[in-house]
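S.K.: Letter by letter, the chains look like this.
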Amino acid sequence: MKNLTAWAIIGATLTFLIGPFIIIIFAGASAGEALAFPPDGLSLRWYLKVFTIESFRQSFVLSMGLAVFGTLAALLLGVPAAYALNRYDLPGAETIRTIVASPIIVPGIIVGLALLRYLVIPLNFTVTMALFLAHTALVLPYAVRVVSSSLNNLRSDMEEAAVLLGCSRVQAFTKVVLPNIRGGVLAAFILGFVTSFNQVPVSLFLSGPGVRTLPIDMLAYMEITYDPSVAALSALLAFMSLAIVFVAERLLGFSRYV
Amino acid sequence: MFSSTREGLALALPAAIFALLLFIVPVGILLSEAFQSDTGWTLQGYVDFFAKPLNQTVFLRTLKLGVLVAGTAAVIGYAAAFSISNLSPVARGRVFGLIILPLMISPVARTYAWIVILGRTGIVNDAIIGLGLSETPIRLLFTETAVFLGLLQLFMPLMIISLLSAMENIPRDVIPAARVLGASWFQVFFKVILPLTKEGLVVGGTLVFTGALTAYITPAILGGSKVLMLETLLYQRVNVANDFVSASVIAMILIVMSFAANLLLKRIATARK
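Protein chains in written order, with UniProt numbering: chain A, 1 to 258; chain B, 1 to 273.
The shape of chain A in the complex, shown without the other chains (with noise of 0.2 Å):
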């Protein structure tokens, strides 16, 4: 009895979370013109339209590609700080820490706001360019957590060890700490690449001509047509963020990460 009243608020809450992500499956799926559910006949035209309409496709590569380098970029910055952070006894290691943590903490459409003010306009960056700065301080805060998360499981006599065996410090970090914190590093770009291809509200401000981020080119999209095309590609998405976090899951483990 008890098992089943427990049961019963599981089921309503996953149906609650999950549902409605069921449904775009199958409103996307319709054959109709309009959107609905439940779908007018089953067809996958809308979702082979999607792969048709080229600003979907021109978006498409722009958020790939910041969401791949601008996490790479963040990597590259967060992964000495993490190791430094947690390996040397630093000054000021809070302020730092609150530094490098605080795009996490400002709302993105500010932050947006903010570079196309202060970057973009008086010092001639590109959109693009500042799309990518931005995506990487917002991936940051993600990559310095994950990648200290897992230096802090392991031991730092490790490194001592393979210095006094006559590895330079360099050496040490790339042979002996680089191996053992692979997982944490992949977990931190999985985690950081889905955060930013998903991200909205800091490219709201920045985008040009011909430059819009996927979900901004959605928004719009939906605002002119009201065809099922956006489910389609909204569950196709939806299937790649999943496909990846499965990926990551059997490989790695990658929930004890986040």
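No wet-lab data here; the hints were simulated from the structure. All C-beta atoms, glycine included, are put in the ideal place defined by N, C-alpha and C. Wrong hints could be hidden among the right ones.
Cβ-Cβ distance ranges computed for the label pairs, FRET-style [what the hints assert, rightly or not]:
hint, chain 1, residue 1, chain 2, residue 2, range
1, A, ILE224, B, ARG6, 52 to 58 Å
2, B, PHE186, A, ALA243, 43 to 49 Å
3, B, SER134, A, THR5, 32 to 38 Å
4, B, THR136, A, TYR226, 16 to 22 Å
5, B, PHE186, A, PHE246, 38 to 44 Å
6, A, ALA243, B, GLY40, 53 to 59 Å
7, B, GLN187, A, TYR226, 51 to 57 Å
8, B, ASN239, A, THR52, 27 to 33 Å
9, B, VAL124, A, ILE224, 20 to 26 Å
Following the hints, complete the assembly by docking chain B onto the known chain A.
M.R.: Using the frame of chain A, we list chain B on its own:
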């Protein structure tokens, strides 16, 4: 622990300088903008902002929806997290996976689903007309209810995750012991579960409240210009009117509200001790 401070700083500073230049400085300038006038420092931007009835409405609505969403998420979150924590380890892992799954899906996709559910020809209106409750479709989209549902669905996983990890700290036998000793479920919750999980509630509450305050997509899609929230108002002020003073004021309000929520929840949590 290595001792060379210079080496450590060389590793840590690039990230800090990057965040400082790209983040703290531009946002700081933006926030200071509302305090500047031709004659010096001023609070006029704030006075003007709050003098407009529309802005007051939007401010109060944002606050109200944030509190409602966080409160509802806490109530449902406790029921869900408690049920999940009593499952077998395997089932718990699977359900946990399903709870965090939505977090990986684009908020645009998750919010778009509500158009299909609440639209004029959506499921709910089909049901209402089918049951003969109304002749014509009822307007469900572009209402506060729609925004509330969208936000709740978007942020509830964060509350459940926070509460679940807090519940791991409840010793196994404490609840049965309280029951055997005659406590009602009501007492068990307020005297045992709540005090032991309040840190999770603080984290979850802050995440959900802040998330709801600063969400853009949900109020934009489900509220439109009929149900403006602070974020959508900010976007509108900048895009329609080039009004950067209002933008700066709203930015400050959002940041202050997020911090205030966190401090207040922490205060409440420690006061209960």
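S.K.: None of the hints should be skipped; say for each whether it holds.
M.R.: How the hints compare with the structure:
{"no.": "1", "hint": "A:ILE224 x B:ARG6: 52 to 58 Å", "in the structure": "holds (57 Å)"}
{"no.": "2", "hint": "B:PHE186 x A:ALA243: 43 to 49 Å", "in the structure": "holds (45 Å)"}
{"no.": "3", "hint": "B:SER134 x A:THR5: 32 to 38 Å", "in the structure": "holds (34 Å)"}
{"no.": "4", "hint": "B:THR136 x A:TYR226: 16 to 22 Å", "in the structure": "holds (19 Å)"}
{"no.": "5", "hint": "B:PHE186 x A:PHE246: 38 to 44 Å", "in the structure": "holds (41 Å)"}
{"no.": "6", "hint": "A:ALA243 x B:GLY40: 53 to 59 Å", "in the structure": "holds (57 Å)"}
{"no.": "7", "hint": "B:GLN187 x A:TYR226: 51 to 57 Å", "in the structure": "holds (52 Å)"}
{"no.": "8", "hint": "B:ASN239 x A:THR52: 27 to 33 Å", "in the structure": "holds (30 Å)"}
{"no.": "9", "hint": "B:VAL124 x A:ILE224: 20 to 26 Å", "in the structure": "holds (25 Å)"}
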